[in-house]
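Engineer: Chains as they are written, first to last, in full-length UniProt numbering: chain X, 1 to 146; chain A, 1 to 146; chain F, 1 to 146; chain V, 1 to 146; chain P, 1 to 146; chain B, 1 to 146; chain R, 1 to 146; chain Y, 1 to 146.
Just so you know, these hints were derived from the structure itself, not from any lab. Glycine included, every Cβ here is placed at the ideal spot set by N, Cα and C. A hint or two may mislead.
Claimed, not checked - BS3-like cross-link-like pairs, simulated, lysine-lysine; straight-line CA separation at most 27 Å:
no.: 1; chain 1: R; residue 1: Lys76; chain 2: Y; residue 2: Lys22
no.: 2; chain 1: F; residue 1: Lys77; chain 2: P; residue 2: Lys76
no.: 3; chain 1: B; residue 1: Lys77; chain 2: A; residue 2: Lys77
no.: 4; chain 1: F; residue 1: Lys106; chain 2: B; residue 2: Lys22
no.: 5; chain 1: F; residue 1: Lys76; chain 2: R; residue 2: Lys22
no.: 6; chain 1: V; residue 1: Lys76; chain 2: X; residue 2: Lys106
no.: 7; chain 1: B; residue 1: Lys106; chain 2: R; residue 2: Lys76
What the hints assert, rightly or not - The following residues of chain Y were derived to be distant from chain X, with all beta-carbon distances above 12 Å:
no.: 8; residue: Thr4
no.: 9; residue: Lys22
no.: 10; residue: Asn38
no.: 11; residue: Asn68
no.: 12; residue: Lys90
no.: 13; residue: Tyr143
Said to hold, decoys possible - Okay, the calculated beta carbon distance ranges per label pair:
no.: 14; chain 1: V; residue 1: Lys77; chain 2: P; residue 2: His118; range: 24 to 34 Å
no.: 15; chain 1: F; residue 1: Ala142; chain 2: A; residue 2: Pro29; range: 36 to 46 Å
no.: 16; chain 1: Y; residue 1: Arg41; chain 2: B; residue 2: His39; range: 24 to 34 Å
no.: 17; chain 1: B; residue 1: Glu2; chain 2: P; residue 2: Pro54; range: 32 to 42 Å
no.: 18; chain 1: P; residue 1: Lys77; chain 2: B; residue 2: Ser88; range: 36 to 46 Å
no.: 19; chain 1: Y; residue 1: Pro29; chain 2: B; residue 2: Ala142; range: 53 to 63 Å
no.: 20; chain 1: P; residue 1: Glu47; chain 2: F; residue 2: Ser25; range: 17 to 27 Å
no.: 21; chain 1: R; residue 1: Lys20; chain 2: B; residue 2: His39; range: 50 to 60 Å
no.: 22; chain 1: Y; residue 1: Glu2; chain 2: V; residue 2: His12; range: 20 to 30 Å
no.: 23; chain 1: P; residue 1: Glu47; chain 2: Y; residue 2: Glu2; range: 48 to 58 Å
no.: 24; chain 1: F; residue 1: Pro54; chain 2: B; residue 2: Asn27; range: 52 to 62 Å
Residue-level listing of the chains:
Number of protein chains: 8
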Amino acid sequence: MELTVYLAGQIHDNWREELKNKVSSRNLPFTFVGPQENHERSDSIGEDVLGNQPSNLYRDHAASSINNFRTLVLMKKSDAVIALFGESYKQWNTAMDISTAIALNKPTILVRPESLIHPLKEIANKANVTVTSMDQALDVLAYVYE
Amino acid sequence: MELTVYLAGQIHDNWREELKNKVSSRNLPFTFVGPQENHERSDSIGEDVLGNQPSNLYRDHAASSINNFRTLVLMKKSDAVIALFGESYKQWNTAMDISTAIALNKPTILVRPESLIHPLKEIANKANVTVTSMDQALDVLAYVYE
Amino acid sequence: MELTVYLAGQIHDNWREELKNKVSSRNLPFTFVGPQENHERSDSIGEDVLGNQPSNLYRDHAASSINNFRTLVLMKKSDAVIALFGESYKQWNTAMDISTAIALNKPTILVRPESLIHPLKEIANKANVTVTSMDQALDVLAYVYE
Amino acid sequence: MELTVYLAGQIHDNWREELKNKVSSRNLPFTFVGPQENHERSDSIGEDVLGNQPSNLYRDHAASSINNFRTLVLMKKSDAVIALFGESYKQWNTAMDISTAIALNKPTILVRPESLIHPLKEIANKANVTVTSMDQALDVLAYVYE
Amino acid sequence: MELTVYLAGQIHDNWREELKNKVSSRNLPFTFVGPQENHERSDSIGEDVLGNQPSNLYRDHAASSINNFRTLVLMKKSDAVIALFGESYKQWNTAMDISTAIALNKPTILVRPESLIHPLKEIANKANVTVTSMDQALDVLAYVYE
Amino acid sequence: MELTVYLAGQIHDNWREELKNKVSSRNLPFTFVGPQENHERSDSIGEDVLGNQPSNLYRDHAASSINNFRTLVLMKKSDAVIALFGESYKQWNTAMDISTAIALNKPTILVRPESLIHPLKEIANKANVTVTSMDQALDVLAYVYE
Amino acid sequence: MELTVYLAGQIHDNWREELKNKVSSRNLPFTFVGPQENHERSDSIGEDVLGNQPSNLYRDHAASSINNFRTLVLMKKSDAVIALFGESYKQWNTAMDISTAIALNKPTILVRPESLIHPLKEIANKANVTVTSMDQALDVLAYVYE
Amino acid sequence: MELTVYLAGQIHDNWREELKNKVSSRNLPFTFVGPQENHERSDSIGEDVLGNQPSNLYRDHAASSINNFRTLVLMKKSDAVIALFGESYKQWNTAMDISTAIALNKPTILVRPESLIHPLKEIANKANVTVTSMDQALDVLAYVYE
Numbered sequence: 001m002e003l004t005v006y007l008a009g010q011i012h013d014n015w016r017e018e019l020k021n022k023v024s025s026r027n028l029p030f031t032f033v034g035p036q037e038n039h040e041r042s043d044s045i046g047e048d049v050l051g052n053q054p055s056n057l058y059r060d061h062a063a064s065s066i067n068n069f070r071t072l073v074l075m076k077k078s079d080a081v082i083a084l085f086g087e088s089y090k091q092w093n094t095a096m097d098i099s100t101a102i103a104l105n106k107p108t109i110l111v112r113p114e115s116l117i118h119p120l121k122e123i124a125n126k127a128n129v130t131v132t133s134m135d136q137a138l139d140v141l142a143y144v145y146e
Numbered sequence: 001m002e003l004t005v006y007l008a009g010q011i012h013d014n015w016r017e018e019l020k021n022k023v024s025s026r027n028l029p030f031t032f033v034g035p036q037e038n039h040e041r042s043d044s045i046g047e048d049v050l051g052n053q054p055s056n057l058y059r060d061h062a063a064s065s066i067n068n069f070r071t072l073v074l075m076k077k078s079d080a081v082i083a084l085f086g087e088s089y090k091q092w093n094t095a096m097d098i099s100t101a102i103a104l105n106k107p108t109i110l111v112r113p114e115s116l117i118h119p120l121k122e123i124a125n126k127a128n129v130t131v132t133s134m135d136q137a138l139d140v141l142a143y144v145y146e
Numbered sequence: 001m002e003l004t005v006y007l008a009g010q011i012h013d014n015w016r017e018e019l020k021n022k023v024s025s026r027n028l029p030f031t032f033v034g035p036q037e038n039h040e041r042s043d044s045i046g047e048d049v050l051g052n053q054p055s056n057l058y059r060d061h062a063a064s065s066i067n068n069f070r071t072l073v074l075m076k077k078s079d080a081v082i083a084l085f086g087e088s089y090k091q092w093n094t095a096m097d098i099s100t101a102i103a104l105n106k107p108t109i110l111v112r113p114e115s116l117i118h119p120l121k122e123i124a125n126k127a128n129v130t131v132t133s134m135d136q137a138l139d140v141l142a143y144v145y146e
Numbered sequence: 001m002e003l004t005v006y007l008a009g010q011i012h013d014n015w016r017e018e019l020k021n022k023v024s025s026r027n028l029p030f031t032f033v034g035p036q037e038n039h040e041r042s043d044s045i046g047e048d049v050l051g052n053q054p055s056n057l058y059r060d061h062a063a064s065s066i067n068n069f070r071t072l073v074l075m076k077k078s079d080a081v082i083a084l085f086g087e088s089y090k091q092w093n094t095a096m097d098i099s100t101a102i103a104l105n106k107p108t109i110l111v112r113p114e115s116l117i118h119p120l121k122e123i124a125n126k127a128n129v130t131v132t133s134m135d136q137a138l139d140v141l142a143y144v145y146e
Numbered sequence: 001m002e003l004t005v006y007l008a009g010q011i012h013d014n015w016r017e018e019l020k021n022k023v024s025s026r027n028l029p030f031t032f033v034g035p036q037e038n039h040e041r042s043d044s045i046g047e048d049v050l051g052n053q054p055s056n057l058y059r060d061h062a063a064s065s066i067n068n069f070r071t072l073v074l075m076k077k078s079d080a081v082i083a084l085f086g087e088s089y090k091q092w093n094t095a096m097d098i099s100t101a102i103a104l105n106k107p108t109i110l111v112r113p114e115s116l117i118h119p120l121k122e123i124a125n126k127a128n129v130t131v132t133s134m135d136q137a138l139d140v141l142a143y144v145y146e
Numbered sequence: 001m002e003l004t005v006y007l008a009g010q011i012h013d014n015w016r017e018e019l020k021n022k023v024s025s026r027n028l029p030f031t032f033v034g035p036q037e038n039h040e041r042s043d044s045i046g047e048d049v050l051g052n053q054p055s056n057l058y059r060d061h062a063a064s065s066i067n068n069f070r071t072l073v074l075m076k077k078s079d080a081v082i083a084l085f086g087e088s089y090k091q092w093n094t095a096m097d098i099s100t101a102i103a104l105n106k107p108t109i110l111v112r113p114e115s116l117i118h119p120l121k122e123i124a125n126k127a128n129v130t131v132t133s134m135d136q137a138l139d140v141l142a143y144v145y146e
Numbered sequence: 001m002e003l004t005v006y007l008a009g010q011i012h013d014n015w016r017e018e019l020k021n022k023v024s025s026r027n028l029p030f031t032f033v034g035p036q037e038n039h040e041r042s043d044s045i046g047e048d049v050l051g052n053q054p055s056n057l058y059r060d061h062a063a064s065s066i067n068n069f070r071t072l073v074l075m076k077k078s079d080a081v082i083a084l085f086g087e088s089y090k091q092w093n094t095a096m097d098i099s100t101a102i103a104l105n106k107p108t109i110l111v112r113p114e115s116l117i118h119p120l121k122e123i124a125n126k127a128n129v130t131v132t133s134m135d136q137a138l139d140v141l142a143y144v145y146e
Numbered sequence: 001m002e003l004t005v006y007l008a009g010q011i012h013d014n015w016r017e018e019l020k021n022k023v024s025s026r027n028l029p030f031t032f033v034g035p036q037e038n039h040e041r042s043d044s045i046g047e048d049v050l051g052n053q054p055s056n057l058y059r060d061h062a063a064s065s066i067n068n069f070r071t072l073v074l075m076k077k078s079d080a081v082i083a084l085f086g087e088s089y090k091q092w093n094t095a096m097d098i099s100t101a102i103a104l105n106k107p108t109i110l111v112r113p114e115s116l117i118h119p120l121k122e123i124a125n126k127a128n129v130t131v132t133s134m135d136q137a138l139d140v141l142a143y144v145y146e
């Protein structure tokens, strides 16, 4: 049994690559999908496809529609969702993605540093599992196959 | 990860063939499905299967029931829907297909010329992405794999 | 038992008023809801609320978002949907509304002139009932209480 | 037809009271519900009900479970959701509430200042309507009754 | 708490009237709804509304569409379904109505004479309760209020 | 794209075998599933598994529970349902199976002889397609691949 | 806003009466529903309605079908579910009722003594709120109105 | 057609291994999944992943969240659920798992000794099939392929 896992969270460093390397070294049957990780491309995809927009508002609107299309396609194909919150950035997309997954009854793992316990308490309470590191998230995923 | 995409829209020219050729030249893992593209066959399928009907009303009723069966089977198998509106024809089936896909939470791309912005504004607002050409629609599809 | 009925269709004449008068003269327990019937207001509602937009595309986008909000609120409150197609206009919103209602398993009545039998055949096949006049639609509604 | 509206957003000032006053002066048939607005009570409700917890983590866990119960009860009773984002605070609950409402096909209005256009672009794209002030949100609500 | 109950079953005698009399003498808070009980009207409703049809096939098609509209409206308003099978007639609508109710998770009571145990065994197994008389069905309904 | 099709209907002759032979001679990518076709085994499966039951009522109850388990497993795996009504037998399971499929939004084909038009009119109106022979049903299935 | 609350749990003492008295003294707008609380009647309801059954197995089968009908009717009418576990009895119905409520996205409160923390840990993790006394459960309910 | 079957029930002996051996000797195309069968690991998984917890309550909370994640992932992949009740232990997870499966319309088989007929009567009434031994459960599964 193979599982597809959506990786929600910020796209400012290469945490997804690190995760994939860890998984491959543990030889686990997971396929990971997620948002566009090239931040510039993610912001410009609307104009890249549709051409120049009249202002940043519309530039963002165009980009977000294509990013949301991508997320919807990939999340519907996924068997579980891992959402990583870090200490920087607004991360409202991360909150949106895990909340959507919870509402659709997708199994979810929330990864958040201890400093964020208080502001994430209601999301943590709704997620299936809350951990503090990606290694712990992988332990949870791996547990499905024990 | 392979994706199946339903191509809603008029069946009066070979735009679907052109699309498939473009995709195949870009080497993307999509399977395209859609309505019966032979217009005459689409209109006569009811009588072809059930025999002569007492009037055009019933001829159309018979054909539409089989066309709707086909659409339901194929749309349920699809991971996304592209709907193309052009400047001719009523295109109410196109509106029906994309609205059904939206109601079922299928990811959707609306393709419409600029001349149709006003009459399609409510559908465009509900679709995930609105573009003006099929090349742009393919760019959106391809973005899922970036 | 009272029923709320959503009236989908063009907003260019006062057919909804005529319908309400007929119902009130037949003393039937229906509440009718529907889209904004003042066409200008329907087109300008986005700018009326949000201020000037940079082009017609964005003016339409703003208006459509508010019209769709209204339709979603009212359709979810409705027990049935009547959709009227006439011989003028694109009427893609009418197609969208009845298709959405069908996908949500709402009971639907399609009203269409005989001249539109062919282009509406697939929608007619999916609606619960297809009639050619609003009086017939009322007969169908009234039949629920016989 | 009366409508119940859930007011998602921060609980640090009395914006909900101001909104209710505006509505009452416009004589609109809305009932507003929302989260516990007493911030201290919202944070201590877990210990208020269950007694002392071993650490802040568990204090937060207890409070969040009761806050989530309240939100679920009230959101299921609601016909629409207004979510207000401001310039302070993490506001992940606001993102969670509107994302949950969207996933459940509840009509939604997002209120956000222009400074937050970029980080909220994907949520704005999924909400039915995006406005910049609560007065505009009320205009949208009132439009349902025009 | 008042309950609305749909009464599925044949329309050839006045069993629904008898039931309503029994309920009223037991003073129970039920509202009963169901199909058109005037058999002739039920068969002719299509032509009554739409005019003459080219053959019995189309006469039946027209009538059935309006009967199905009525059933859908009323069953969605119902909190429970009682389905009565007797020893005469095909009664496929009764089988359709209770099966639809079961698929929609509506509470169901099947009433069938002992002579029909064998051919109704799979439906009986899926209904919540199976009884042999309408008095027993009423006992079950009344039990909800004990 | 391969499709799985559930074949609902009586189990007194070998119509399913004939169908499979026709499909195989037309080289179509269908897998057919359906109820237990050995009538005796279908009636005795409850006692075969659970041992003797105290009366025919309980014998039937035991058998029906296992037949319903089988049907649920197989229908959930199916992309479409063909339901055949003939001129003999009560055929209430056939009515149950197609009604369940319709309620679950599975594509359906009803096959019925002309003598049964009247008693099956409401089911026919809800099925996607109604035909009079299995060859016509196959034509409809094959049309999905044209 | 009034709320209906289903009270799942054992029926061997009068804890539901005590709860109703407490609520009435706190003047809260709740309507409580639940299973048949007369244990003997709950066990004999099948034979009371259907007559003598051939053995205890069938006596229990008849009773359970009517108890499940009652629970389904009442739980669908409920806005929240409180489930009480005590230290005696198997209480599998309590586990069934709260699990069903959770699967249907009904808000849930689990009440359990500390001695049962370990065996109820997975249910507690899925319920919205877990408390140890009925007074605490009432505090949670009352919090919805603060 | 291959089927995945979730095996709910206690984890104190190796009944799942015995079942798999029987299936493999009968050459049936089933894949079995289920909970963590190492009882100690199941109880300690929370602390194994997250580190020491402040008390047994929180130890159990941490473990249950990961066990529930595992169950949700695997049950969503399953085509049927077998739930075994034995004469020892509370077995509330078994009741939770089968009730969840029933609410999600998964086909279910309940296995319970005759001594538990009475306390399991309502669950038995809702499961598709109730048997008294695992061999009988396998007979039911195998019947799907006859």
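Engineer: Is it true that the CA of lysine 106/B sits at most 27 Å from the CA of lysine 76/R?
Structural biologist: Distance ~25 Å between lysine 106/B and lysine 76/R Cα, so the pair holds.
Engineer: Does the hinted range 17 to 27 Å hold for glutamate 47/P and serine 25/F at CB?
Structural biologist: holds (24 Å)
Engineer: Is the straight-line distance between the alpha-carbon of lysine 76/F and that of lysine 22/R 27 Å or less?
Structural biologist: violated (37 Å)
Engineer: Hint says 53 to 63 Å; check whether the CB-CB distance for proline 29/Y and alanine 142/B agrees.
Structural biologist: violated (28 Å)
Engineer: Quickly compare the C-alpha distance for lysine 76/V and lysine 106/X to 27 Å and report which way the hint goes.
Structural biologist: holds (20 Å)
Engineer: Do the alpha carbons of lysine 77/B and lysine 77/A lie within 27 Å of each other, as the hint requires?
Structural biologist: holds (13 Å)
Engineer: Is the Cβ of asparagine 68/Y more than 12 Å away from each Cβ in chain X?
Structural biologist: violated (6 Å)
Engineer: Regarding the pair lysine 76/R and lysine 22/Y, is the alpha-carbon distance no greater than 27 Å?
Structural biologist: Violated: lysine 76/R and lysine 22/Y sit about 41 Å apart, past 27 Å.
Engineer: Verify the CB-CB distance for lysine 20/R and histidine 39/B against the hinted window 50 to 60 Å.
Structural biologist: About 55 Å separates the Cβ atoms of lysine 20/R and histidine 39/B, which means 50 to 60 Å holds.
Engineer: Non-interface claim for lysine 22/Y: all C-beta distances to chain X beyond 12 Å?
Structural biologist: holds (21 Å)
Engineer: Could you check the hint for me, namely that glutamate 2/Y and histidine 12/V are 20 to 30 Å apart, CB to CB?
Structural biologist: The hinted range 20 to 30 Å is violated for glutamate 2/Y and histidine 12/V, with Cβ atoms some 55 Å apart.
Engineer: Next pair to validate is lysine 106/F with lysine 22/B; report whether the Cα-Cα distance is within 27 Å.
Structural biologist: Distance of about 39 Å is beyond 27 Å: violated.
Hints 1, 4, 5, 8, 10, 11, 14, 15, 16, 19, 22 from the earlier list are contradicted by this structure; the remaining hints agree with it.
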